[in-house]
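Listed here are the chains, written in short residue letters.
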Amino acid sequence: MDPIFFHRNPDPATAEGPRQGLRVALQPNLAVAGWPMEAGSRALAGYAAPEDATIVRRLRASGAHLSGSTHMSEFGLGLAGNGTGAALRAGEADVELVLDLMGESRLAAAGAAVCGFKPSYGLVSRFGLVGLIPSMECCGIMSESLGGIRAVLQVVAGQDGLDFSLPEEPVPDFAPETVDPARITVGVVGEAQHDLGVTQEEAFRSAIDGMAGAGFAVRQVSLPEWPLFALVHRIVGSVEASSAAGRYDSVRYGRRASGAKNWNEMYLLSRGAAFGTLLKSYLIQGAYFQFERYGAFEDACRIRARLVGEMRRLMAEVDVLALPAVVSGPRGGEAADDASDAPDGVYAQFALTLFANVTGQPALCLPSTMASHTGLQLVGPRLSDGRLLALAEYLQKTGRGGN
Amino acid sequence: MEFEAVIGLEIHVELNCTTKLFCDCPNRPGDDPNANTCPTCLWLPGAMPRLSEQALEKASLLCLALGAELQPRSAFDQKVYYYPDLPKGYQLSQAHLPLARGGGVDIIDEDGSPCRLRIHHVHMEEDVAKLVHEMEGRVPISLVDFNRAGAPLVEIVTEPDFRAPHQAMEFLKALRTQVRYVGASECSMENGTMRCDANISVRPRGTTQMNTKVEVKNMNSVRHVGDAIAYEIERQGASVQAGEAVVLHTRLWDPDKKATLPMRAKFEGPTVPDPSVSAIELSREWIERMRAQLPEMPAARAERLVEQHGLTRDEALSLSADPESADFLEALVAEGVAPRMAMHWLTTQLLPAVRERRQGLGTSPVSPVRLAGLLHMLAKEEVNAKAARDVLAQMFESDRRPEAIVQACGFSQISDRGALDDLIDQVIRGQESAVANYRAGQEKALGFLVGQVMQASRGKANPKVIRELLVERLGA
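Quick mapping for you: the protein sequence lines, in order, are chains G and U.
Sequential numbering from 1 applies to the first sequence in the working numbering.
Sequential numbering from 1 applies to the second sequence in the working numbering.
The set of hints was computed from the structure by calculation and includes no laboratory data.
We put the CB at the ideal spot given by N, CA and C, even for glycine.
Careful, some of the hints might be misleading.
[Claimed, not checked] Cβ-to-Cβ under 10 Å is the rule here; a few derived chain G residues that face chain U:
1. L30
2. A31
3. A39
4. L129
5. P167
6. V251
7. Y253
8. Y267
9. F291
[Unchecked claim] So the derived label-pair ranges between C-beta atoms look like this:
10. E281(U) - V171(G): 49 to 55 Å
11. E186(U) - E310(G): 49 to 55 Å
12. G30(U) - S145(G): 55 to 61 Å
13. G213(G) - P72(U): 48 to 54 Å
14. R293(G) - S283(U): 34 to 40 Å
15. R293(G) - A230(U): 40 to 46 Å
Given only the sequences and the hints, what does the whole structure look like? Please build it.
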């Protein structure tokens, strides 16, 4: 098995265009015509994409080279068994595209000491993306340089005639812009600092101090309903996942279990054999809310709307939120893989990142120079992606923000 | 104890859109299996639904035609269930926020009184694939045809206002007429473009309780719906009399056995909001634009046909139930044909002739303009009624103008007195006793003599002129 690529692109040819020379690795959940698209799941064994995803089509047209598709966790949920970042480390790609369901692209970046970015929800087409949580997932972008992230975002963002779910909003300008720290207020979310380890806390504090030193107005802010983000993500996310994964019946692709007496048994046996432990637990949980506790799901949807509203109010007071991003659980104790085949463990791992998936805000993670597996997360209001990138670039250039 | 039935209907109407509901594939389920498919309607991973504007418009027109109120905001949900005809695991349907609410259909009840049957709501949904079971070979296999998958459907859910089979049948007929009027669907139960499920429960007459219902499916005609409901009322009444509880389940109508047979326990899967299809927001202006597109509806048209053209109420009602016929009549009148004559020739001559030839009014070679040409000649007494019927028959064979057919075949009526005088002379000479009888005061002898002259002219003489000439000649 190739340690970096699940599928290596055998064809070096690229189109003429502004992104010629840019090498992009993606995950096998993004459709590239003719490539195997297994999304890390046996349920999709043998499935080849019939047509390019919109992101892929736009990248190709810009002249970018698709290096190949990487190894990924099942449908991108969590980071276990995920080869994310390997192509960057090995110098096989300049940019990696990583499905961000609850913070995967940001935590993987913190782990690999590179930059990770989740664009605003609705900014990038999901056509051709095999996902799991349609209302929260987004194609994340990882790169050593923020310029690499911008180069991809500029090409892939915007309206798509094949994805009607994109809201009809003006696409923000991603061109580099000047940053005046005196005019920017940074909100530090108190609730996100409760469970940090000592070195992580120091790294985060130093990043915030650096920003204050550079002239940014730094304010402590509070999200009293912080624990509800995880609850809402878990209920809504698992319900959507249960529906999204409902189509994997092993009939047209995947492996059909033998020995079934009827179609229903064939579904059950095949799905049982195809899905991994984490996904099964997650799907069962979603089906439980769908079939048995629909009222709780409706509550979760209402609370989600309330959280989005609260966040909008907060974002009227500050320009950007700052939070830590920490790999392997907020306490930094247990290793990432131990807790990752149960939803509880995965949700604990992504406790600091998943809120941006609930609200659809753009979120960027810069690696810390002081502590490994740690990063500074910057989160802006929806569609402030360009400003967020500019701010991060300013911090990197000036050496502020602990980066 | 006397029982009454409480009945509600769920009617699926397949919209006659050019494409499917969420992709650009042709909406032609009858083509070669799986000819009209793409990743979206094959429900393959990564494909996304894109709501068709035409489907939204046709569905909206249908709602307005039924008096239902279009909702400013509606949305699609996932109706979750697992079955091989739905390999996506959920059907996109508007479960929580339907396209329209309210509305109703007016019918004439069995006792002749007008009666309004209310609609609860109307929503859009996608059709599922079709399963074909091949049991012939050594290993029986099931094949899936996706031509129908994603076809645009509208479901009309009524209030439980119905008490008798007659009401259900009249409702379906009126509904069909109104939907055809707006051109949203053919609404053929025989071809499956209209499907009706009935929810039926019984209760002691005079009470208001809602008892456990039974769902009945598989009726392939309006008649079957009536029969199935009648059977089910009888069956449930008997089982309640016998002290058995009615269990919630689904039954299938068997038209051969003329009975409903149990199929399965009724399954209600969950419905969750679909995150990929944007909510539909209809502005007031958009709704008014749709309303402006509504044609004159059957009830209003019937009224106008009575007032403007002097048709009887029954004639007007039956004519307006069939927009093609009503259009044809009005086209004849617009060509200057008297409404009574137009009505008479349309219903007693043209429609039977078209039906006999297995054609439609719109596709038959007898256009309103051609028929009007013939009827003008009839009105001016250039042909008589018998000849006109023969000319009509010939008009189906060629596209010649009726005037040319009359000329070529010598159908022209002889109204010229000089040409008739000789014939009358002959008859008066040959029928002495009849002439004598007439002169002796027997009026009916005159009719006989007119007939004799007609025969002598081989049907071409104008009977009115003959009568006048005979009276003139014999009366003096």
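So, going through the hints one by one against the coordinates:
no.: 1; hint: L30; result: holds, 8 Å
no.: 2; hint: A31; result: holds, 5 Å
no.: 3; hint: A39; result: holds, 7 Å
no.: 4; hint: L129; result: holds, 6 Å
no.: 5; hint: P167; result: holds, 8 Å
no.: 6; hint: V251; result: holds, 6 Å
no.: 7; hint: Y253; result: holds, 8 Å
no.: 8; hint: Y267; result: holds, 6 Å
no.: 9; hint: F291; result: holds, 5 Å
no.: 10; hint: E281(U) - V171(G): 49 to 55 Å; result: violated, 21 Å
no.: 11; hint: E186(U) - E310(G): 49 to 55 Å; result: holds, 52 Å
no.: 12; hint: G30(U) - S145(G): 55 to 61 Å; result: holds, 57 Å
no.: 13; hint: G213(G) - P72(U): 48 to 54 Å; result: holds, 52 Å
no.: 14; hint: R293(G) - S283(U): 34 to 40 Å; result: holds, 37 Å
no.: 15; hint: R293(G) - A230(U): 40 to 46 Å; result: holds, 42 Å
Violated hints amount to a single one, hint 10; each of the other numbered hints is respected by the structure.
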